[in-house]
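2 protein chains.
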Amino acid sequence: MRFLHSKKYREEKQVFIVEGDKMVREAIESPMEVVQLYYCSGSSQEFESIGTLISEKEMKQISQLSSSSPSLAVVRPNEFSESLQTIAEKPLLILDSIRDPGNLGTIIRTADWFGIETILVSKDTVDCFNSKVVQSTMGSIFRVQISYRDLVPAMLELKKVEVPLFGAFMDGDSPEILSNVVKRGALVIGSESFGISDAVKREIDHSITIKKDGMGESLNAAVATSILLYQWSLSPRN
Amino acid sequence: MRFLHSKKYREEKQVFIVEGDKMVREAIESPMEVVQLYYCSGSSQEFESIGTLISEKEMKQISQLSSSSPSLAVVRPNEFSESLQTIAEKPLLILDSIRDPGNLGTIIRTADWFGIETILVSKDTVDCFNSKVVQSTMGSIFRVQISYRDLVPAMLELKKVEVPLFGAFMDGDSPEILSNVVKRGALVIGSESFGISDAVKREIDHSITIKKDGMGESLNAAVATSILLYQWSLSPRN
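The listed protein sequences derive, respectively, from chains A and B.
Here the first sequence is numbered in my numbering, starting from 1 and rising by one per residue.
Here the second sequence is numbered in my numbering, starting from 1 and rising by one per residue.
Treat the hints with care, as some may be off.
Unchecked claim - Here are the in silico distance ranges between beta carbons for each label pair:
id : chain 1 : residue 1 : chain 2 : residue 2 : range
1  : B       : 182       : A       : 6         : 51 to 57 Å
2  : A       : 14        : B       : 173       : 43 to 49 Å
3  : B       : 202       : A       : 11        : 50 to 56 Å
Hints are computed from structural coordinates only; laboratory data are not their basis.
Glycine included, each C-beta is placed from N, C-alpha and C at the ideal position.
Taking the hints into account, I'd like the entire structure generated from these sequences.
Right under this line is the structure:
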């Protein structure tokens with residue numbers, strides 16, 4: 001059953017994998033469809049009526065965790081059906097080429113905490129249904145919508161409906177300007193190594209920078225995102 | 001040379017390993033002692049006068065990275081000699097039982113950005129010279145002092161010299177109270193799974209909480225630390 005983890009299988013079947021009783025339970029409770037559920041004896045009893053009992057050896061074979069969990073679910077995500085105009089009514093996060101699975105997972109988890117419901121990501125961003133991303137979201141993958149698309153046309157559409165576009169750069173205004181963004185707005189974060197790409201940069205209205213008081217060359221992308229989402233959360237929208 | 005990475009070897013010799021031209025260069029430029037430097041042909045020329053040329057095959061054997069770098073240095077950290085009274089004159093970070101190497105590395109990197117020079121960590125916190133921690137600090141390991149110690153006696157000493165102790169909890173005041181902490185103060189962050197331990201909790205003067213606007217059960221420990229260090233950086237100390 002190792003094929004469960006191949007990107008090709010997941011893409012063909014349009015499914016992803018979650019592991020561990022807590023994540024499996026969240027999958028069941030989420031609006032997403034649980035296509036298949038495997039559990040070992042010793043796992044949560046509630047899985048018995050809906051899952052397939054397998055041996056620990058079989059679980060080890062299909063698990064991607066260093067120490068396998070007693071349960072695993074194959075989940076089909078909801079289709080993204082809302083128009084850009086609709087999602088633009090709420091605060092948006094835009095990711096330009098995030099490559100590290102742990103960073104993307106942490107960003108999804110933090111976005112969920114701060115009430116961001118939708119993240120637009122460039123097509124070269126790491127697959128959000130990659131098992132490392134999914135596990136590091138700690139369940140937020142079931143709540144935050146991730147939409148892969150060409151960012152420039154999406155940003156042009158957002159500008160048409162007057163959504164202000166903020167971007168994190170090395171030389172910009174204080175993040176405190178985000179406190180004035182009451183509701184509609186989009187925050188763009190660039191890649192770990194190269195920042196925001198030139199084409200995307202051209203569409204950004206406001207540059208913001210997290211001031212450095214010490215040394216160090218940069219902040220981790222997930223850290224920078226979290227700080228800016230926090231600052232934004234202090235606006236009167238809440 | 002695989003022994004280089006064993007914790008026992010590192011502890012006996014009191015050294016740690018950094019990999020990659022950028023990190024090796026930072027080690028050379030830092031006040032720490034570079035005990036040994038290995039490089040492959042194709043690495044930075046400046047290493048030739050001080051390092052030992054080895055083959056790529058040998059480098060693969062000693063590297064802990066998935067794709068090995070062309071250079072590796074064995075570094076001896078500086079001894080921690082300052083008294084608690086001295087370090088208490090500047091903002092302090094205190095970590096209670098952080099177990100994930102990536103989290104500790106990211107916290108050290110972020111602390112460096114925000115000008116935190118010293119971090120006190122509980123003795124059960126992951127080894128800061130573990131290779132995953134070192135690499136994820138992105139060079140900040142050379143600038144931020146990490147001191148392993150029993151936290152409760154250290155906190156009692158800090159209280160004696162009137163350092164206010166702040167802790168991140170699930171139910172406390174807004175982080176904005178940190179903006180009033182002009183200079184001296186210590187921020188305590190607890191473990192990923194269990195938060196701040198009971199004994200440490202008892203010594204904390206002010207509880208702070210990052211308000212949740214969405215769903216999700218918790219924030220990643222490095223994310224929470226970063227948000228609070230950012231908020232603290234907005235105080236007039238800067």
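We went through each hint and held it up to the structure:
no.: 1; hint: B:182 / A:6: 51 to 57 Å; in the structure: holds, 55 Å
no.: 2; hint: A:14 / B:173: 43 to 49 Å; in the structure: holds, 45 Å
no.: 3; hint: B:202 / A:11: 50 to 56 Å; in the structure: holds, 52 Å
Going through the hint list in order, the structure satisfies each hint without exception.
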